[in-house]
Amino acid sequence: MLNDLQAAFFLVYKYITRGNKGTLILTIIVTTLAFVQINIISGILSGAVNLIWVQTKSNYVANIVVQPGKDQWGKKEEYIKQVSLLKRKIDAIPGVEGCSSRYTTGAIIEYDPDKTGRDIRTISWSVKSINPTEEVRISDLHNFMVAGEYLDESDRDQIMMGREITGGFGASLEVQSLKGAKVGDEVTVFYHNGVVRKYTIKGIYATVFPLADMTVFVTQKEMESVLGIRERASEILIKTDEAYPEEYYIQELRKAGVELQDIRPWQDFIGLVLGIAQSFDIIKRIILFIGLIVAGVTIFIVIFIATTSRRKQIGIMKAIGMKESIIIMSYMLLALFYATVGIGVGITIIEFIVRPYFLAHPLSFPMGKVSLFIVKSEFVTSIISLIIVSLIAGLIPSWRVARENIIRAIWG
Amino acid sequence: MIKVENLKKTYEGHVPVHALKGVSFEIPQGQFVSIMGPSGSGKSTLLHQLALLDTPSSGQILLDNIDISKLPDNKRADFRLKYLGYVFQEYALISELNAIENTFLPLMLLGTRRKEYLRASTELMLKVGLGERLHHFISQLSGGEQQRVAIARALVNKSKILFADEPCANLDTENKGIVLRLLRQLCDQLGQTILMVTHEPEQREFTDRVIWLRDGLIEKDELIKEDTRDHALHDSYRTLKSAPQL
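Which chain is which? The protein sequence lines are Y and G, in order. Those letters in the first sequence? Residues 689 to 1100, per our numbering, in order. Those letters in the second sequence? Residues 156 to 401, per our numbering, in order.
The shape of chain G in the complex, shown without the other chains:
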């Protein structure tokens, strides 16, 4: 479970910017949460603080009752590697590595044996529907495929929370459907906790809950009805030519 208490972030400068003004919420294990709001509302800032990519000005981030917001720099990298997964807006993969190498990189950093990380990453690549693309270079993959490699990489270390920062922003409709459905399935079938920042209202329907931000504060915390989610999934299937199955 992740618990956020009175989280604040101020960017110091000539004119200080109060990006988060005291945000508090809880996310139980296995929930798929979307964070929405207009530009400048603080949604990306919130994600960066939760994913330990940045340090909050004050407040607490408790993961399983441990305050991770105060971790020193050298422990943060280690914590991100062991417990967090991150999917970026753009296809943030390493161009010199092929698809499977990008996927197993976190496991290699964790010191997992070669045989084991090859097995785990291949398994995940199969799950995200890229079993035929294991040894393709990044430049040989479509945007949707690259994003699925990024999802596989974010999950390979069995992360407690998967953070996704507008993961469909650069994808066409078909690939958006593939990625969102994949995230939904991860949540439903593997119990993966997911926090996704999005600005596209229709994407919230794939999630369990929406946290609406405005001017650095929570404006609304809304649960999505199950039938709404089913409709969204059903609609996405219709647009797909092929879709991976977990």
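Same shape as in the complex, but just chain Y:
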């Protein structure tokens, strides 16, 4: 077996060093391009999906959301009770980086820019409350202020809005917004329970992620005064260290005594976006498939032509006693060489040209700036797939010719 391998390597070495250099270079170029293409497109799509995940977890719902459970009659409760106790239990779980409770209630927000009553702009939206001190542990919103300031814990007549609510700042959903509300402007909020409050816009944030930028915040103290309740919450957002999947932490939460509440991972809150991500995954698989076909067919054609044009030579090799397996092995090694060098050059191009380029010039997507995000498992899959495809592309034509009758191969 070792002799066979040695002979196969010897033949491959000679095919490479003394064969047609143009064919060699062209085959490697096509393999390289197929590999780079697979990983660039996958990288961009993964970058877009990853950005959605990061934005969702950093600026929208954190990693896990605890919501009210059902009462003894099976009806969903309006609020989570004994919130402080619950938060202490949550904070004590290893891997939990922080948690923050929020109230959510429906409201109509009215904005009268010139205060004349002639151009009143209203939107019906939900208003959320935050405890700013807690919130910075689970969200990055405070880093995305494009005007004014983030809320303080003691603020009562201040409101903070995303750019999709105020309008302007490059908002993408202007039709539904207040169409140009600015920091310092006054808005009137008509809460669903009948309470009406006037607020001054303290800050406007823009994460560029529409779902996150469509929220209105007041402080927890203000909301408790509006709702007339304390020690309750509509939801508790939990940030984890992501050492384990969300399901693990959900189990830990249950074990820690968060039993009656509804606990959901962040994925449950982005159903629409999740559909896009799943579509991106399908596109990535299609791109991988097409790329592999392109590389595989190219290598197949090259090996097919090489074996067909050397049909007589292969017959002679067999006539002098060379085993079919050595001939097949030599062409499979040749195909492997094309793939390996193509992958090597491809990795070099990606690491030293493509990745730095995308870092310097990220693409603009609706959810933010997308850079190349190469998922290690997908990268390894593309390498292994290309190697397997190349081996198959080398095996089929060489097997076909090597199996041929010696007399027919030599004399036709």
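Please note that the accuracy of each hint is not assured.
[Said to hold, decoys possible] Straight-line C-alpha distance at most 20 Å; calculated EDC-like pairs for lysine to aspartate or glutamate:
{"hint": "1", "chain 1": "Y", "residue 1": "Lys-709", "chain 2": "G", "residue 2": "Glu-251"}
{"hint": "2", "chain 1": "Y", "residue 1": "Lys-702", "chain 2": "G", "residue 2": "Asp-343"}
{"hint": "3", "chain 1": "G", "residue 1": "Lys-315", "chain 2": "G", "residue 2": "Asp-219"}
{"hint": "4", "chain 1": "G", "residue 1": "Lys-230", "chain 2": "Y", "residue 2": "Glu-1012"}
{"hint": "5", "chain 1": "Y", "residue 1": "Lys-777", "chain 2": "Y", "residue 2": "Glu-1012"}
{"hint": "6", "chain 1": "Y", "residue 1": "Lys-1000", "chain 2": "G", "residue 2": "Glu-251"}
{"hint": "7", "chain 1": "Y", "residue 1": "Lys-1011", "chain 2": "G", "residue 2": "Asp-219"}
{"hint": "8", "chain 1": "G", "residue 1": "Lys-270", "chain 2": "Y", "residue 2": "Glu-947"}
{"hint": "9", "chain 1": "Y", "residue 1": "Lys-1000", "chain 2": "G", "residue 2": "Glu-245"}
{"hint": "10", "chain 1": "G", "residue 1": "Lys-380", "chain 2": "G", "residue 2": "Glu-329"}
{"hint": "11", "chain 1": "G", "residue 1": "Lys-230", "chain 2": "Y", "residue 2": "Glu-912"}
{"hint": "12", "chain 1": "Y", "residue 1": "Lys-1011", "chain 2": "Y", "residue 2": "Asp-692"}
{"hint": "13", "chain 1": "Y", "residue 1": "Lys-1000", "chain 2": "G", "residue 2": "Glu-321"}
{"hint": "14", "chain 1": "G", "residue 1": "Lys-237", "chain 2": "Y", "residue 2": "Asp-843"}
{"hint": "15", "chain 1": "G", "residue 1": "Lys-230", "chain 2": "Y", "residue 2": "Asp-845"}
{"hint": "16", "chain 1": "Y", "residue 1": "Lys-1011", "chain 2": "G", "residue 2": "Glu-251"}
{"hint": "17", "chain 1": "Y", "residue 1": "Lys-803", "chain 2": "Y", "residue 2": "Glu-841"}
{"hint": "18", "chain 1": "G", "residue 1": "Lys-237", "chain 2": "Y", "residue 2": "Asp-845"}
{"hint": "19", "chain 1": "Y", "residue 1": "Lys-1011", "chain 2": "G", "residue 2": "Asp-228"}
{"hint": "20", "chain 1": "Y", "residue 1": "Lys-769", "chain 2": "Y", "residue 2": "Asp-929"}
[Said to hold, decoys possible] Computed beta-carbon distance windows for the label pairs:
{"hint": "21", "chain 1": "G", "residue 1": "Ser-297", "chain 2": "Y", "residue 2": "Ile-1041", "range": "30 to 38 Å"}
{"hint": "22", "chain 1": "G", "residue 1": "Glu-381", "chain 2": "Y", "residue 2": "Trp-1099", "range": "34 to 42 Å"}
{"hint": "23", "chain 1": "G", "residue 1": "Glu-167", "chain 2": "Y", "residue 2": "Ile-1080", "range": "32 to 40 Å"}
{"hint": "24", "chain 1": "G", "residue 1": "Asp-343", "chain 2": "Y", "residue 2": "Ile-993", "range": "22 to 30 Å"}
{"hint": "25", "chain 1": "G", "residue 1": "Lys-375", "chain 2": "Y", "residue 2": "Trp-1099", "range": "23 to 31 Å"}
{"hint": "26", "chain 1": "Y", "residue 1": "Ile-974", "chain 2": "G", "residue 2": "Pro-227", "range": "28 to 36 Å"}
{"hint": "27", "chain 1": "G", "residue 1": "Ser-297", "chain 2": "Y", "residue 2": "Ile-704", "range": "36 to 44 Å"}
[As the list claims (entries may be wrong)] What the simulated footprint calls covered on chain G by chain Y, stretch by stretch (three residues with Cβ under 8 Å from a Cβ of chain Y suffice, anywhere in the stretch; the number is not a length):
{"hint": "28", "segment": "249-261"}
{"hint": "29", "segment": "264-275"}
{"hint": "30", "segment": "321-331"}
{"hint": "31", "segment": "364-375"}
Read the hints as simulated data drawn from the structure, not as lab findings. C-beta atoms are modelled at their ideal positions from N, C-alpha and C, and glycine is treated no differently.
Since chain Y is already given, all that's left is putting chain G on it; use the hints.
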């Protein structure tokens, strides 16, 4: 010694072709035999069966009393590599390899150590008069030189029998003389058994014996007189500008 008993070969098809209809003969060690006959007489078919390039329909091929005609496919390649040498009509060399690499390829396949196969193949290349051409590519060699490389390759594994299928068919007169004289010397000086298919009557004079085939049967089995052979060799020398010496 090679012994052929009632060897038959039929190519199946719409109209079966009976290429060999029952051929029997014996060749002692060290004999140079030419197989002659008109086109379609079965001489190449006979050579292919004996060289294990094809499988006979029936009959036996005994090499040192072992029937090699029934060897399974996986053993045939191994047997060809270890015991048989083959020189083709056209210069059947591997274009990506140079002269010495073509020569040592069978030894490499046998697992011989590099130092040993380089020594053995260089020695043979010197014997066939190509000592100056070891590292030349095939495209840089003349037809006669290529055929001598093929002979060196066929002998490098110390083959029991050397099969040559019209080895001079594509050569000019000078190179024909070189190749035939080389084969003759292999037989005389190394005791090499050689079976050569040829259709040129004057080439039989270099051999010890001629087996004439017609319609798949032996028509005549003729021994060549020693003085006829000497004349042929003498004539060939006169046409040569340079000739290798074993």
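Against the structure, the hints come out as follows:
1. This hinted pair checks out: Y:Lys-709 and G:Glu-251 have alpha carbons roughly 12 Å apart, not beyond 20 Å.
2. For the given pair, Y:Lys-702 sits about 37 Å from G:Asp-343 by alpha-carbon distance, which is inconsistent with the 20 Å threshold.
3. Restraint check: the Cα-Cα separation between G:Lys-315 and G:Asp-219 comes to about 10 Å, which is no more than 20 Å; the hinted pair holds.
4. Between the alpha carbons of G:Lys-230 and Y:Glu-1012 the distance comes to roughly 12 Å, so the proposed pair stays at or under 20 Å and holds.
5. For the proposed pair Y:Lys-777 and Y:Glu-1012, the alpha carbon gap of about 69 Å is over 20 Å, so the pair is violated.
6. Simply put, Y:Lys-1000 and G:Glu-251 have alpha-carbon atoms about 14 Å apart, close enough for the 20 Å limit, and the pair holds.
7. The suggested pairing of Y:Lys-1011 with G:Asp-219 is violated, with an alpha-carbon distance near 24 Å, which exceeds 20 Å.
8. A C-alpha spacing of about 78 Å is found between G:Lys-270 and Y:Glu-947, which places the hinted pair above 20 Å, so the restraint is violated.
9. Under the criterion of a C-alpha separation no larger than 20 Å, the hint pairing Y:Lys-1000 with G:Glu-245 is consistent with the structure, at around 11 Å.
10. Between G:Lys-380 and G:Glu-329, the direct Cα distance comes to roughly 24 Å. Violation of the 20 Å bound is thereby established for this hinted pair.
11. For a cut-off of 20 Å, the pair hint linking G:Lys-230 to Y:Glu-912 is broken: about 91 Å separates their Cα positions.
12. Distance check on the hinted pair: Y:Lys-1011 and Y:Asp-692 sit about 8 Å apart at the alpha-carbon level, within 20 Å; holds.
13. For the suggested pair Y:Lys-1000 and G:Glu-321, the alpha carbons sit about 17 Å apart, so the restraint of at most 20 Å is met.
14. For the hint pairing G:Lys-237 with Y:Asp-843, the CA-to-CA distance comes to about 96 Å; that exceeds 20 Å, so the pair is violated.
15. A hinted pair counts as satisfied when its Cα atoms are at most 20 Å apart, and G:Lys-230 with Y:Asp-845 does not qualify at roughly 95 Å.
16. Taking the CA atoms of Y:Lys-1011 and G:Glu-251, the gap is near 19 Å; set against the 20 Å cutoff, the hint holds.
17. Only pairs whose Cα atoms come within 20 Å are accepted, and Y:Lys-803 paired with Y:Glu-841 is rejected, the gap being roughly 29 Å.
18. Under the criterion of a C-alpha separation no larger than 20 Å, the hint pairing G:Lys-237 with Y:Asp-845 is inconsistent with the structure, at around 99 Å.
19. About 10 Å separates the Cα atoms of Y:Lys-1011 and G:Asp-228, which keeps this hinted pair within 20 Å; it holds.
20. The straight-line distance between the Cα atoms of Y:Lys-769 and Y:Asp-929 is roughly 26 Å, outside the 20 Å bound, and the hint therefore fails.
21. Taking the beta carbon of each, G:Ser-297 and Y:Ile-1041 are about 50 Å apart, not inside 30 to 38 Å as hinted.
22. In this structure, G:Glu-381 and Y:Trp-1099 meet the distance hint of 34 to 42 Å, their C-beta atoms being roughly 35 Å apart.
23. A hinted range of 32 to 40 Å for the beta carbons of G:Glu-167 and Y:Ile-1080 is consistent with their spacing of about 34 Å.
24. Between G:Asp-343 and Y:Ile-993 the CB atoms are about 46 Å apart, so this pair departs from the stated range of 22 to 30 Å.
25. Taking the beta carbon of each, G:Lys-375 and Y:Trp-1099 are about 27 Å apart, inside 23 to 31 Å as hinted.
26. At about 47 Å, the CB distance of Y:Ile-974 to G:Pro-227 disagrees with the hint of 28 to 36 Å.
27. Our hint of 36 to 44 Å for G:Ser-297 and Y:Ile-704 is violated, since their Cβ atoms are close to 28 Å apart.
28. Beta-carbon proximity to chain Y at under 8 Å applies to 7 residues in the segment 249-261 of chain G; the threshold of 3 is reached and the given coverage holds.
29. Counting residues of the segment 264-275 of chain G whose CB lies closer than 8 Å to any CB of chain Y gives 3, so the stated coverage by that chain holds, three being the minimum.
30. Only when three residues or more bring their CB closer than 8 Å to a CB of chain Y does the claim for the segment 321-331 of chain G stand; here the count is 0, and the claim is violated.
31. Counting residues of the segment 364-375 of chain G whose CB lies closer than 8 Å to any CB of chain Y gives 0, which falls below the minimum of 3, so the coverage claim is violated.
Of the numbered hints given earlier, the model fails hints 2, 5, 7, 8, 10, 11, 14, 15, 17, 18, 20, 21, 24, 26, 27, 30 and 31; all others are met.
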